[in-house]
Structures are given as C-alpha cells and as structure tokens.
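Chain order of the listed sequences is C and S.
Every letter in the first sequence is one number past the one before it in full-length UniProt numbering, and letter 41, counting from 1, is 41.
Every letter in the second sequence is one number past the one before it in full-length UniProt numbering, and letter 120, counting from 1, is 120.
Heads up, a few of these hints could be off.
Now the stretches of chain C that chain S is said to cover, found in silico as 3 or more residues with beta-carbon under 8 Å [as the list claims (entries may be wrong)]:
#, stretch
1, 132 to 139
2, 171 to 182
3, 296 to 302
I should point out that these hints are in silico values taken from the structure, not numbers from a laboratory.
Beta carbons are placed, not taken as given, at the ideal position from N, Cα and C, and that holds for glycine.
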Amino acid sequence: MSDILVHIELTRSGHVGAAARGLLAAAARLGTPIALTVSDVPLATEAVARLGELGAVRVHAVTSDATQAILATPLVDALGAAVAAYAPAAVLLSGSADGREAAGRLAVRAGGVLLADVVDVAAHDGQIIAEHSVFGGSFTVHAVADGGLPIITVRQGAIDEQAPAAIPELLKADMPAPPGNQAAVLSFSPAPETSARPELRGAATVVSGGRGIGSEANFALVEQLADALGGAVGASRAAVDAGYIAQTAQVGQTGVTVAPQLYIALGISGAIQHRAGMQSSKTIVAINQDEDAPIFEVADLGIVGDVFTVVPQVIELLKNRT
Amino acid sequence: MKIAVLIKQVPDTWEERRIDAATGLLDRAANDPVVDEITERALELALTVKDRDKSTEIVVVTMGPGEATKAVRKALSMGADSGIHILDDSLAGADLLLTASNLAAALRDIGADLFIAGNESTDGRAGMVPAMVAEHLGLPMLGSLVSAEIGSGKASGERQTEAGSQMVEAALPAMLTITERFPEARFPNFKGIMGAKRKPVATVPARGATPASRSRVLDVTERPPRSAGRKLIDDGSAAAGLVDFLAAQRLI
Ligand SMILES: Cc1cc2nc3c(=O)[nH]c(=O)nc-3n(C[C@H](O)[C@H](O)[C@H](O)COP(=O)(O)OP(=O)(O)OC[C@H]3O[C@@H](n4cnc5c(N)ncnc54)[C@H](O)[C@@H]3O)c2cc1C
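One chain only, chain S, in its complex shape (with noise of 0.2 Å):
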C-alpha cells in the first residue's frame, strides 16, 4: 500500500505568533517552525501500518519555504520513505484555494491509496484543506477521525462531530484526517536520522490551476496582553473572597 501524508510546517504554539500588520500574513520570523503535532500523529499512524506491512510505502507531502524541507526530513527520519516539497515564491501567502489546488496536483499523479492529514492545524485552523483536495481528486473522506483501522481495500474509524459519534467507511483511495485523540508520534532515532539523508526528497514548483478569486486582509489589530490581577494565598479566606470578587463583578 502507498500512504501519502500531508505535513504542515507551522510556528510553535509554545510561543507568542504573530500576524505581520503590514502584510496580514504570519510573521515567519517570530517563532521557530515545528512540523504542527497533529500531522505528526497522522504520520504515525501511517508508520503503524507500515510496522504491520513492511512493503508499505510513505510519501510526505508539504507545500511551504524554504525551511519546510526541515519537517519533511524529520518526517523521514520518523521512517517516512520520501518526501515531496512544493516550493515557489509565488505561493507565499497562498489562500485556502491555491494551497489545495497546488498540495491536490502534487498528489494526482503519486498513485497512493491513502491519503492521511490532520484535521486543522494549530495556526490556520480552518480545517478545510483535506477535503478540498478530496475533492479536487474526486475522493471520499473519513474526517475528524478518533480512531482508524486501515485494511487492504477499505478504511473505517470513529469520527467524532458536535452531533455525536459515527462509525464511517470509504473503498480505497480515500483521505482520512485524525484528531490530536489519536497517539503521539515516534521520536526519529539515531539511525532513522541517518537513513534520512538517503532518502529522495523531489521539490516541485507550483503546478495547480490558480483559482480566479481569492481571499484578502484589509486590516489587522492586536490585542493588548492581559495583566494579572489581585493573588489571594488561601488561608481559609479564598473562598470567601472570591464569592464576594464574583458578587461586587455581579457575575453571581
């Protein structure tokens, strides 16, 4: 089985992100980029089947800089076989629309039965890529997965929505995307790293149709940080001072 996994390079979440007022794009440069938790577990889980399935082939897909060629080599060092990086300055910026129609032409031709993301990530979150490249690729999508079994010719799992919870199936080629509920990912170990450097990594330039319209900031405001407030070290008071905080707040 050939699985392809789409990995997002994203800032970490352990710092203040930024938004870059002049431009309404991320500010890169204000944290370091980290392959975004989520797509790392989604690659597990491609890796798990590939511990039960050795002939079993992973392909990582990401659309970034230049520096996003760092996730994908730490997603082979995870045991990933090789890696496809779409770069091109004209996709800087890229909206909801170019990023799918660019990630979708870079998968069409890869023949994979599967296809695993993450169903947000941490900086964009709009959770909408997955299924727009199903469908450019014409493909069912078993989404906000919590569990996942992956047979020869059909995958099923639990996905879980606002409703409730739905045991859901789809034939082979399908894309699943898995919630942060699934396992965290592997550590690359020392000769996974070194394997790494063998493998094939192809860069490709943009290759999807760009879409007629697309999407544009007009503004950006920051927030003010939040200051602390008053501290009561309980001394067998704290409760009371804080239904009388909550009273004179008229919150009860």
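Next comes chain C alone, as it looks inside the complex (with noise of 0.2 Å):
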C-alpha cells in the first residue's frame, strides 16, 4: 500500500492536537498513515504512542529549533523534505490557519494539486477521491487530482472516526532554520481552555446565541442552556461583532460550520449567510420574537417569544428531568 503522509498539529506542551484522530483516520483508508510532526524539542514518547493508538505506522518526527519562532516555512520545508523522501501518494493537513498555509505553500513548491476544505475522502480504483460541501452543504462536490500529488486539507470536525491501533516505527530527523526573511512570531497566548465544554466542530449539540441575547452578561444564558444540554457554544457574526463572545465560536459563511444532532438558535435571525454555517444540522430549533425571523424556515421547531422568558423555563425543566 502506498505512503499517506499526515500532518499532525501538536499542541504548545507537545501532545498530539485534537485533529490528528480523523486525519489519521482518512489516511488509513488511503494507505499507510505516516504521521509528520515538527517541534521544537524531541517529540514526547507519549506522543508517539497516542499516534500509533489513532493509526500511525510510521513517526516521523522532524526538530528544528525554528518551530516556535518562524511561522509557516519551518513545517513547510519538513513537509516538503518528507514529500521527497517517502513520494506518498497524499498528504492531509488540517483546514487549520497553519495547515491552509503549509498546504498552499506546499503545493507550489512541490507541484502538487490541492483539495482544500475536504469533508471525506474515499479510495476508488487507485483514484483518491475528495469529497467538498459547498456554499453551506447545498452541493457535495466530488474531485480528483489530475496527474499531480493530491495535497488534501480536511475540514476540522468533520471526519469522525478512528483508525486500527499501530506500533509505530518512530523515525527522527533535524531540521536547519530556514535563511532569509521570515515571519516572526513574537509571542503568543493560547486560547482559553473552555472547561468541559465540547469544541464547537464536531459537537453532537450547539446552542448558538444572535445579537437578540444583547449582552456580555447575558451570553451566560446561551452557555447555561449549553451546559444543560451538554453541548457546544457557537453565535452569530453580530453576536461576535458586538462582542458577546470570541470569534472563534462564530458560525456561518466566514465562520465555523458545524452539522450537529441539534443546533438550537437564540436570538438569532438567521441571515443566509448564518445559514450557510449550520443548516446542515440534523434538527434545528429557534427562539425568536420575530414570526417572520428566516431562521424558522430552516427550523425543525420554532418558538415565537422571548428568549430571556422561554430559555430559562427550558432550563429549569431540563433539570427536573434528571
């Protein structure tokens, strides 16, 4: 079977990032997952077993001093020397800021054709085959890459599924700093850890707040309702905007899309371009004071009224359950 090299996003302390599960999932359909990783210090044995546990066959763990302090081009000459000495039939990154970076650079400077924003891959006849969801899940579109090596990035959440455990073969490699001018990171500050609350992508439920929950202080009833329900936060770009809550749970065009078991909608009118980012879900409610809001024709169950009234009465019955 022929090589699937993996890029793995590892996290600031070096553990294996949430991506790398699906990732090494999809390779695994595709071939013999070869897991890339590049950090700064050697990589933790630890990491090598939770690789091999999510499928890995081989390791290959490349350090390069530059990690940390260059963006893009440490992982993007480690990528290209991996391209180079394996001449896998494909690599998968992350739909991650870096991932997307990595990949298009990637692409020009090995000749590969990039798939990008992939929800599913699939192998058929020798043919690595994408699947795409286009413009908020309105069309599946499916492509090839033609004659070049494909260089895939997967939409963060959306391939569900763990590989067969591997013992990996773990495989070192140091990297120099790349010369020139770079882009220099100067600091960072990792986002928030958000306590037991799922991640936004790939949650099972998504309680979504709009500009109608009309503060700060009042977001807290979208994350009770969350918490209640166990689910994820997410919100419209208003909501954002306003500064209800961090971009990063932003749902829409420019957003995240997210296609839970349930996505219920507070507040929120549900402009299409909001839409776009969550009407792939299973069942969607919505609680809106405007009859006429668009969000309730793509709404499973709508409830005309006020969300400060009905949420908290949800709330509390959802506690008497239990």
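Got two chains here, separate frames each, mind docking them using the hints?
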C-alpha cells in the first residue's frame, strides 16, 4: 500500500492535537499513514504512542529550533523533505490556519494539486476522491487531483472516526532554520481552555446566541442552556462583532461550519450567511421574537417568543428531568 | 510605500449561490457579482495607510472574467490609484494553482512593499491563494490577522489561530492576510467615483506557468432544500413544548 503523509499539529505543550484522530483515520482509508510532526524539542514518547493508537504506522518526528519562532516555513520545509523521501500518494493536513498556509506553500513548491476544505475522502480504483461540501452544504462535490500529488486539507471536525491502532516505527530528523526574511512569532497566548464544554467543531449539540441576546453578560444564558444539554456554544457574526463572545465561536459563511444532531439558535435572525454554517444540522430549533425571522424557514421547531422568558424555563425543565 | 491589494469578485452571499452541475463550476449567471467583503476590508487597511501618508501608492489586482473590471473600478473609486485585471479565457475555471501562478506573475514586477489580501474568499473558502502567491514570490506571510500595524520597513499584527493568538512580525516586502475582524470598508464618494474614471487599469493576459496537473470535478449533487417545521407561539407553554420535542426526537 502506498504511503499517506499526515501532518500532525501538536499543542504548545507537545501533545497530539485534536485533529490527528480524524486525519489519521482518513489516511488509513487511503494507504499507510505516516505521521509527520515538527517541534522544537524531541517528540515525547507518549505522543508517539498516542499517534500509534490513532493509527500511525510510522512517526516521522522532525525537530527544528525555529518552529516556535518562525511561522509556516519550518513546517513547509519539513513537509517538502518528507514528500521527497517517501513519495507519498497524498498529503493530508488539517484545514487550520497553519495547515492551510503550509498546504498552499507546499503545493507551489512540490507541484502538487490542492484539494481544499475536504469533508471526506475515499480510494476508488487507485484514485483518491475528495468530497467537498459547498455553499453551506447546498452542494456536494467530488473531485480528484489529475496527475499530481494530492495535497488535501480536511475540514476540522468533519471526519469522526478512528483508525485501527498500530505500533509505530519512529524516525527522527533534524532541520536547520530557514534562511532569509521570515515571519517571526514574537509572542503567543493560548486560547482559553473552555472547561468541560465540547469543541464547537464536531459537537453533537450546539447552542448559539445572536444579537438578540443583547449583551456579553446576557450571553451566560446561552452558555447555561448549552451546559444543560452538554453542548458547545456558538454565535452569529453580529454577536461576535458586538463583543458578546470570542470570534472562534462564530458559526456561518465566514465562521465555523457545524452539522450537529441538534442546533439551537437563540435570538438569531437567520441571515443567509448564518444559515450557511448550520443548515446541515440534523435538527434545528430556533427561538426568536419575530414571527417572520428567516431562521424559522429552516427550523424543525420554531418558538416565537422571548429568549429571556423561554430559555430559563427550558433550563429549569431540563434540570427537573434528571 | 507601494501596496498591492488582491481583490476578488464573488457571487453575492445575500442570494442562494449555485454550482453548474454540468461543468462543476460556479454558476456566474445565478447571482449578482460583488467585491468580496473581506477583500474590501483589505483595501480599507491599505487606504488607512494612505490616509496617513499621501505618498502611498495602492494597486489593486484581480483575476476574473470581463465583469470583474467593475470590482477594480469600485476599488479605484474608494481610493486605490491603479488596477491590474488579469483577463484570459484560458483561465476560466482555474484551480488554486493556476490562479496563484497568474496572480504571482502579475505581482512579481510591480515592486510592491506590501501585499494585502483577505484570509479566505466567501465562494472558494480554501484560504490558500495568498500563501501560494507568497511562496511564488518568496515572501514571508502574516496570515489570519485580526489587527495590523504597518511601519515603513516592517509589518506586525495579531494573528488568530485555533490554538490561540500570536503577535507576529515581518520585514517588508511581505504578504498580509486579514480576517473580517478588520473594520468595514468606506463607501466611495462622488469625487472618488468621478476620479476613478481617469485612473489607469491594465488588462493583462495569462502569464503564469500552467501547472502540469490540476484538480478535476467528478460530480455535483444538490441537497434538497430544508423545509420549515412546526412553529409554536409562546403562551407560557412553549418551553414545555420544546423539551417534549427534544425528548421525542431522543435528543435529551
Ligand atoms: C460576507 C458576509 C459574511 C458573513 N458571515 C457571517 C457568518 O459567518 N455568521 C453569521 O452569523 N453572520 C454572517 N454574516 C452576517 C449576517 O448577514 C447577519 O448580519 C448576522 O448573521 C446577523 O446576526 P444576528 O442574527 O445575531 O442579528 P440580527 O439579524 O440583528 O438578529 C437578531 C434577532 O434576534 C431577535 N431577538 C431580539 N431580541 C430577542 C429576544 N429577547 N428574544 C428572542 N429573539 C430576540 C430579533 O427578532 C432578530 O431576529 C455575514 C455577512 C456577510 C456580508
């Protein structure tokens, strides 16, 4: 079977990042998964073991002093060298900010073909077929790379699967810092750990709040309902722009695309750009004062009412059930 | 300082957008074309530099069909000084590689100190073209910025990623990509609209190397539209109705 090179993002503390599981599962469907990591200190033994659990048959661990201090290029250098060494049948990366930049640069350098924002992959007659979900899930498109190395970025949270475990072979490599004018990282502040709440991407339940929530303090109501349902918290762009919540919670056209089992929209009008990020949800519930709000056009259950009246009652009823 | 801003014409997100099932390409006839909002914000960033220092020269660059000239004209009416429109039938349906190689070819010789683009477009959403252009031109890139400071010899800003935020910096020339957290663009005024007519727009053919390989669409399927379900007007019992609904759907 041919090798599939998978870039694994590590957390600041050197742990295997959340995207690894789905990426390695996708790779295992296409061939033999080789996990590539780039870090400033040698990869921890437990990270190697974790990658094995997630299906990596080989771990190619690159150390480079420059990884924390220089954006993108150390990773692109490492990917370029690994592509030359393994001649893989495909390269898989997460569709994160870092993954996208690395994929784009690698495609130019290595002459590959980009398949971007992919939600699923399959091998068919020796060809790798990528599935894209376009315009808020309105269209499903299958595409292939004609004649070149497919470089695939996978939408975060899209593949919820785990490959069979393997006992990985570890291969270590060192890499010099890239020369020339580079983008420097001066400082880093990690995103706040969102307690026990699930990640927005891939969550089974998402509760989102919009401008109708009215203030940052009121947004606690959205969080309380999310917690009562064990769900993640989302928001409309208007709520993010108004500073009620961090932009990482934005659902929609220019935010995160979610497709949970249950999506609850609170005080969200349902502008087309918001719907683009959530209309593939299995079940949609909306609470809005305005009977004519467009969100009701896609809601399985719509409640015309005041969120400040209805939501506290719902939270109370949920509490009483358990 | 000379700033090149990459702008893109996209179908208006306020309408349903369509893909032509036969070609696998965007159905351009289905929507009004507009300048992608994020690229307008990118231009706004360049214009704020020019507001401070009138000697700043702003070139807007786009690749697209004939009607994309309108996007360039709009940018000129907002305050850009000149435009480059890459227009070539051979580029219809261009994939990321072909797009990036042609943008890079047009940008290579204009001698810009700074290149500004949106972090992703609302139609493609790949979010890779600026990085690819940067790679072609050998530039460092400060991507996914939520704020930026532009000095004479360097640019810096805050970069937002899934993992957190970074303060980043690069010596010029460099590529910046901005997110929609940047301020909205100004509107063209009457003087700007009149003045735009006299500003130069160079229409240039494809000059980028054609990559040996490309992506190809196999098939397109459209999802049936969603329909509205039940609607309850809250008379005090809607909360109970909601909880019953969730229980019946086995969602709680
Ligand atoms: C290029 C582009 C990209 C965009 N990307 C996104 C995106 O990714 N995500 C996104 O969300 N938007 C996006 N937008 C913005 C989008 O067009 C809307 O402006 C936005 O979604 C509106 O957010 P909202 O529904 O919270 O606010 P509003 O439209 O102001 O709606 C607020 C709603 O709250 C209701 N309400 C008020 N008070 C109460 C109450 N007490 N109880 C119940 N209901 C109440 C009102 O009836 C109203 O319907 C984008 C726009 C553009 C042009």
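Problem - Which numbered hints fail - result: Violated hints: none at all, because every hint is consistent with the structure.
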